[in-house]
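Peer 1: Let's have the full structure, built from the sequences with the hints guiding it.
Sequence positions in the sequence shown follow our numbering and run 1 to 243.
Worth flagging that the hints you see were computed from the coordinates, not collected in a lab.
A portion of the hints provided could be inaccurate.
[To be verified] Straight-line C-alpha distance at most 25 angstroms; calculated DSS-like pairs for lysine-lysine:
(1) 157 - 93
(2) 174 - 201
(3) 220 - 189
(4) 157 - 117
(5) 190 - 201
(6) 201 - 61
(7) 220 - 104
(8) 104 - 178
(9) 61 - 147
(10) 225 - 178
(11) 117 - 191
Every value quoted in this text rests on a predicted model; they were computed, and no experiment measured them.
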Amino acid sequence: MEQNGAAEAAGKTNGEVHGESGSAAFQMDGLKNCLSSYHDDGSAETHRYFLARRTVLEMLKDRGYYVPESDLSVSLQEFRAIHSQDIDIDRLKFSATHQTDPSKRTMVIFGGTGVIKVNTVRLISAQIVNRDSLSGLILILQGQITKQAENALRLFKFKVEIFQITELLVNITKHVLKPRHQILTSQEKKKLLKEYNIEDKQLPRMLRSDAIARYYALEKGQVVKVTYSGDITESHVTYRCVW
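Peer 2: Take a look at the structure:
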């Protein structure tokens, strides 16, 4: 929706939503170019873990969790000095607490290269301490996960998010071509809908499976303000509702 009116917002088609985060092919091409700037002579495996860990730390910070600057600023060389070339994935797990809501605590666990099965889920469950105070779990995997394992994860009492490690090698929100996304509060959403006299279902949609929606862990009904700016086109604003 253009800032100056609601007509364009209501007229958007769902097909345009899928273009919001770009095609998978475009992302992979950009990924290859971005990764080339980080090339060094060390282990590719430790490099992947380093990049994924940094992105998930940035992601949690963008979600409002407390992340020490000392963790964000760790260099690849420092990471390798701490973890060596043969990564012990158990040492990579950590948890973070929300800055304004201490009751929200999310744990991050890295998986190995094997297929994630029900027995693997049991091992993951055994790693979770103080589960009563946990509100979310982020699993970063390198291998495939079976349907039975996915069903087992759904039995957890807290939200479980699954990312492949390749999805976190680059922070998509920092891509130069990516528009800026701002999550509206419930009050800001109410004000927006009242201002244009529309319902949220009339806004262009962003699917929960969208890369940006997953990055911010958005839920159905939340509204995102998207600001486009560039040298070729004029800056403009649109709003999307998560479905």
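Peer 1: Compare the distance between the alpha carbons of residue 61 and residue 147 with 25 angstroms, and conclude whether the hinted pair is satisfied.
Peer 2: The hint is violated at about 31 angstroms.
Peer 1: Take the C-alpha atoms of residue 157 and residue 93, compute the straight-line distance between them, and say whether it is at most 25 angstroms.
Peer 2: holds, 19 angstroms
Peer 1: Starting from residue 117, check that the Cα of residue 191 is at most 25 angstroms away, please.
Peer 2: Violated, at roughly 46 angstroms.
Peer 1: Is the straight-line distance between the alpha-carbon of residue 225 and that of residue 178 25 angstroms or less?
Peer 2: holds, 13 angstroms
Peer 1: If you draw a straight line from the CA of residue 201 to the CA of residue 61, is it 25 angstroms or shorter?
Peer 2: It is violated: about 30 angstroms lies between the C-alpha atoms, which goes past 25 angstroms.
Peer 1: Would you check the hint for residue 190 and residue 201, treating anything up to 25 angstroms between C-alpha atoms as holding?
Peer 2: Cα-Cα ~13 angstroms, so holds.
Peer 1: Sort out whether residue 104 lies within 25 angstroms of residue 220, counting only the CA atoms.
Peer 2: This hinted pair holds, its Cα atoms lying about 19 angstroms apart.
Peer 1: Assess, step by step, whether the Cα of residue 157 is no farther than 25 angstroms from the Cα of residue 117, and give holds or violated.
Peer 2: holds, 19 angstroms
Peer 1: With a cut-off of 25 angstroms on the C-alpha distance, tell me whether residue 220 and residue 189 pass.
Peer 2: Given that 25 angstroms is the threshold and the Cα spacing comes to 13 angstroms, the pair holds.
Peer 1: Is the Cα-Cα distance between residue 174 and residue 201 25 angstroms or less?
Peer 2: Violated: residue 174 and residue 201 sit about 29 angstroms apart, past 25 angstroms.
Peer 1: Given the hinted pair residue 104 and residue 178, is their Cα-Cα distance within 25 angstroms?
Peer 2: With Cα atoms ~29 angstroms apart, residue 104 and residue 178 exceed 25 angstroms; violated.
When each numbered hint is compared with the structure, violations occur for hints 2, 6, 8, 9, 11.
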